[in-house]
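K.L.:
This is what each chain is made of:
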Amino acid sequence: MKFEHYGIGVAKGMALTFKHLFRKPITTQYPEERLTVSRRTRGNELVWDKERCTGCATCAKSCPEGCIEIITSTGEENNYIVDKFEVDMGRCIFCGLCVEACPFEALFMGYAYERARYRRQELVMDKEGLLLSGERQPSGYARPKIEAGLPRQTLLLDRDKVKK
Amino acid sequence: MAIFNYYPQTLSPDWPGGYWLHWGVFVVIIMAFVLAMVMGFIYLERRGIGRFQVRLGPNRAGPLGILQPVADAIKVLIKEDIIPAKGDKWVYWLAPVVAFVPALMIFAVVPFHDGALLVDLNIGILYVVAVSSVGVVGIFMAGWGSNNKYSLIGAMRAVAQMVSYEIPLALSIIGVVLIAGSLSMNSIVEAQDIPFILLQPLGFIIYFLAACAEINRTPFDLLEAESEIVAGFHIEYSGMKFAMFYLVEYCEVLAISAIITTLFLGGWRGPLLPPFLWFLIKVFGVFFLIFWVRSTIPRLRIDQVMAFAWKCLLPLALINMVITGIEVIALPPALLWTVIFLNLGIMVVLVVLWSKFFRLGGGRVEV
Amino acid sequence: MALKTEPFVINVGPQHPSTHGVFRMRLTLDGEVIVDVEPVLGYLHRGIEKLAEGRTYTQNIPFTDRLDYLASMSNNLAYVLAVEKLAGIPVPERAEYLRVIMAELQRIASHLVGVGAFLNDCGAFMTPLLYMFREREKILDLFEMVCGQRLTYNYMRIGGVSHDIPAEFLPALDRFVTTMPGFIDEYDQLLAENEILLARAKGVGILPEELAINISASGPVLRGSGVRWDIRKADPYSVYDRLEFDIPTGSVGDCYDRYWVRIQEMRQSVRIIRQAVEQLPPGEVRTEVPHLLHPPEGEAYGHIEAPKGELGFYLVSDNSIAPYRFHVRAPTLINLTALRDMMIGWKVADAVIIFGSIDICLAEVDR
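Protein chains in written order, with the numbering used here: chain Z, 29 to 192; chain P, 10 to 376; chain E, 67 to 433.
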C-alpha cells in the first residue's frame, strides 16, 4: 500500500472542513426555538370526538397492539353509549391504523409531542383525557380538512441555496 | 554545593530575594498558566470541533458555555473511585501520577519572555525530550494495573508507538539546534530573527507529526480509539484518577504547542503587541492546527504507525539533519532567502520521492 | 529461538461503541492478528415472525417497519409486494411511481448512515457522520411531510400507498435532487482520496467473488466483489423496467470497494428519482381492498433490492385473515456468514472496519 497522493488528499479534506467553519450551524436550540412539525404528524396522543363516535370499536379491532379498550352499553335510541374508552399510550406504536379505520372520522392523531410523564400509569388516557377540546389540536393524518388548517412544516431544505 | 555555583546565571540582576524567590514566582506562574490554558483548551477544542461539524459546541453551562470545563471538572471529581479487585494496586494507584508529573515538568524550560523561565538550562531541549519519555512508563503502568485485556492491548500499542516516535522527534530538533547554535531554549528564541519554520520546513513537519504521535492525538490516537478498544489504557479509571489522565492529555498538547512555538515560530518575538500576547497567539495557532487535523482525518492502524515512523520519518529526519549541517557549515549567512527556497525545494522532492516508494504497513497474515 | 506465545480470547461485547447494535464477537488473537472469530447473535430477538402469525395482513405492516429501522420504506415495500403476489391485487400506476420515489429516497438515507458509520469507525471523529446526517435530516423532513413520522413510516398499504403526496412535496423534492449531487461531491472531496482512508480500507477484508456467490450475499457486499447482480435489473418489480440507471460494481471486494459502491448508488438513486418525478402520472393511489383480507391458499415470495441487500418475505396463507407462516429473508444475516472468512489474518483494528463495511442492522439480523 503506497502513499499515493503525496498528502494532497489530506489537504483537500482539511480545506473542506475549514470551509465549514464559515457556514451557519444547522442545529436548533430546543427549548427556546421549536420547529413546526408536519401537518400529517402522528403525534404522541390520540384525540377523540365524542359526538361523532358510535361505539363501533373498529379502531380497537384494527390496532396491532390491542391497546384500545372500549366498553359500551345499549342506549334508548337504538345506539351504543360508550362507557369506557381507554387507550394505553405506553403500548401504542403510533402507526395510525386506528385513525384510518374509523368510518365516522371520530378519532384523530394528536399534534403535540411533548407528552413525557413520570409514571407509566399516567400514560393511559381515559375518556376525559382523550376528548377533543380547545387545547388539544388534532393532526391532519388521514383527515384532509384538518390538514388544510395547520401551519407549514419547517424544512431543513429551505436553507439550501440552489444555484440556477 | 554545585547548584549554588550555578545560580548566578539564572538570577537576573534585578531579582532582590535571590534564587528561591525566582523559583517561587515562576512555579506559581507556571501552575496558573497550565491550569488556565488547559481549561481554555478544553473549551476551545469542543467549540472548535463543533464549528467544523456545522453545529455549535457546548453552550448551556454558563454564557456561551464558558463554564463547561468547570462542569467537567466537578463531574469528574464527584464520581466514585472504582479500583479493580484483582489489579495490581500500587501500580494502578501510581500510574496517573507518573504520567502527569513529566508533562508538568516540561514547562520549566519554556520561555515566556527574554530570560523569563523557571530555569534556563543550557541543555534545554534535551531535558524536554528526556522528561517526556518518562510519561510512557505511566501509561504502561495504567494498562497493566487495570487487569483488563483491552487496557493491556492499548498499553502495548502505546509503548510501541511512543518509543518509536522518540527518534524522529529528537533528530528533527537537531536541525534547529544546528542553526541556533545552542541547546538552551532561551538562546534558540533569541537566534530567531526569522522564524525557523521558514528555514526548516521539513523539520517542522517531522516534528509536528512525531509530537502528535507522542501525545496520542489523531491520526495516531489508536490507543484511546473509542471505536475499537473503547478508551484503551484508561478504561478502568474513574473519578480523580481519570481526571489526571484527561489533564495529562491536554497538558501535553499545551506543552507541544509551546515547544513548537519556541522552536519554530519564534517564541515570544513579534512586532507590535506585548510578547506574552504573541506567545499566546502562536500557541493557539498551533492548537488550532492540531484539532483541525483531529476533526478531519481518520486514524492509522498500529503497524502502519510503526511503518510510518521507521521507514518514513526516520530517514527523512536523518537527511534533514545532514543537509542542515552542510548548509550551516558551507553557506554564508547572507544567502538567507536562497537557503529558504532551497530547503522548500528539497522538502517537496523528498516528500514526492517517499510517497512513491514507501509502503505503509503489512497486509494479511497467513494463519 | 522463537518465543512461545499463546492466543487469547477477547470479547468485543454486546455493548460496544462500534458494533452497530448489540452484536457480540469473540475474537481469538495471537498478538494483534485475528486467528478466529465467533459471532454471537440473538440479543435483539423479538419474535416478529411468530407475532406476525397472530395479526392480520394490514396489521403486520407496522411490524415490518421495525425490522431494518433505518430503511423502513423498503421493508414495507417488500412485504406489500409479497401480499399482492399472494392475493393477486393490482396496484395503480401513480402508486407504483410513488413507491419507487420513496424507496430510492430511503436508499439514499440508509446509505448515508451506513457510510457515515463506516467512516466514524475508521476514526474520523464524527465529522463525515454529521455531514451525512445533515442530508439525512432533509430526507426525513420529506418523509415527515408525506406520512407523518420520521423513522417507522407505515406508508405502503396492500394495493398502493396510504396517502397521496401533499402539494409542497414536489417542489421540496426538486430542491433536494438539485442540491444532493453537490453534497455527494463534497463527501468525495472530504475523504475519498484521503491517503489514510486508502491505507486503512484498500485491500482489507477481501471477499472473493466465488465465496460471495456461494454464501448468497447480496447488495453492496456482492456488488463490491465484482458480481453485477441487482434485483432491480435482474427481476424487475414495480416500474423499474421503465427507468434508466446503472449498477455500480467494484472490482476487488475490499472495504474501499463497498464504500465506493454505496456512494455511487446514491448518485444513481438521485437519477432514478428525477426520472420518476418526470413520469409521475395522475390518478388514485390505492385500490380498494377488503378490511380483512382473505387471500387464497398458497405461498408467495416477494423480494426487492433493499439498501442492505435482497430483502424477501415468504408468506404462506391458509385462506384466513392472518398469515400461516411469515418468514423474513434478512440480507444482513446472510451477508454476515462470510464474516469469519473476511476477518481471519487481519488485525484487531481491521475487525471493526470490516464489520462496519458490511453495514448491518441488528434488528434485521435478529428479527
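By construction, these hints were calculated from the structure, which means they are not laboratory data. Watch out, some of these pointers could steer you wrong.
[Stated by the list, open to error] With a straight-line Cα cutoff of 25 Å, these simulated SDA-like cross-link-like pairs (lysine to any residue) come out: (1) 268(E) x 206(E); (2) 78(Z) x 49(Z); (3) 52(Z) x 98(E); (4) 47(Z) x 254(P); (5) 268(E) x 321(P); (6) 189(Z) x 98(E); (7) 189(Z) x 78(Z); (8) 89(Z) x 152(Z); (9) 158(P) x 98(E); (10) 320(P) x 331(P); (11) 189(Z) x 105(E); (12) 158(P) x 65(P); (13) 78(Z) x 141(Z); (14) 189(Z) x 268(E); (15) 268(E) x 331(P); (16) 40(Z) x 108(E); (17) 40(Z) x 298(P); (18) 189(Z) x 355(P); (19) 40(Z) x 331(P); (20) 40(Z) x 247(P); (21) 52(Z) x 366(P); (22) 47(Z) x 98(E); (23) 52(Z) x 192(E); (24) 40(Z) x 74(P); (25) 89(Z) x 390(E); (26) 40(Z) x 254(P); (27) 158(P) x 105(E); (28) 268(E) x 71(P); (29) 47(Z) x 362(P); (30) 155(Z) x 188(Z); (31) 189(Z) x 63(P); (32) 320(P) x 247(P); (33) 365(P) x 247(P); (34) 89(Z) x 102(Z).
[Stated by the list, open to error] To list a few chain P residues with every Cβ distance to chain Z over 10 Å, as calculated: (35) 30; (36) 37; (37) 44; (38) 59; (39) 62; (40) 63.
Glycine residues also receive a C-beta, built at the ideal position from the N, C-alpha and C atoms.
K.L.:
Does the structure keep residue 158(P) and residue 65(P) at a Cα separation of 25 Å or less?
P.N.:
37 Å, violated
K.L.:
Run the distance test for residue 189(Z) versus residue 78(Z): straight-line Cα separation, threshold 25 Å.
P.N.:
With a Cα-Cα distance of about 47 Å, the restraint between residue 189(Z) and residue 78(Z) is violated, given a limit of 25 Å.
K.L.:
CA of residue 47(Z) to CA of residue 254(P), is that 25 Å or under?
P.N.:
33 Å, violated
K.L.:
With the threshold set at 25 Å, check whether the alpha-carbon distance from residue 40(Z) to residue 254(P) stays at or below it.
P.N.:
33 Å, violated
K.L.:
Are all C-beta atoms of chain Z more than 10 Å from that of residue 62(P)?
P.N.:
It is violated; residue 62(P) is separated from chain Z by about 7 Å at its closest Cβ, not greater than 10 Å.
K.L.:
Within a Cα-Cα threshold of 25 Å, do residue 189(Z) and residue 355(P) meet the stated pairing?
P.N.:
Roughly 44 Å between the alpha carbons, so the hint for residue 189(Z) and residue 355(P) is violated.
K.L.:
With the threshold set at 25 Å, check whether the alpha-carbon distance from residue 268(E) to residue 321(P) stays at or below it.
P.N.:
The hint holds at about 20 Å.
K.L.:
What's the verdict on residue 320(P) and residue 247(P), does the C-alpha distance respect the 25 Å limit or exceed it?
P.N.:
Given pair residue 320(P), residue 247(P) is violated - Cα atoms ~38 Å apart, limit 25 Å.
K.L.:
Are the Cα atoms of residue 320(P) and residue 331(P) separated by 25 Å or less?
P.N.:
Holds: residue 320(P) and residue 331(P) sit about 17 Å apart, inside 25 Å.
K.L.:
With the threshold set at 25 Å, check whether the alpha-carbon distance from residue 189(Z) to residue 105(E) stays at or below it.
P.N.:
47 Å, violated
K.L.:
Beyond 10 Å from every chain Z Cβ: check whether that's true for residue 59(P).
P.N.:
Incorrect as stated: the minimum Cβ-Cβ distance to chain Z is 8 Å, not above 10 Å.
K.L.:
So if I understand the rule, the pair passes when the alpha-carbon distance is 25 Å or less; does residue 89(Z) with residue 102(Z) pass?
P.N.:
With a Cα-Cα distance of about 19 Å, the restraint between residue 89(Z) and residue 102(Z) holds, given a limit of 25 Å.
Violation of the numbered hints given earlier is confined to hints 1, 2, 3, 4, 6, 7, 11, 12, 14, 15, 16, 18, 19, 20, 21, 22, 24, 26, 28, 29, 30, 32, 33, 38, 39, 40; the remaining hints are satisfied by the structure.
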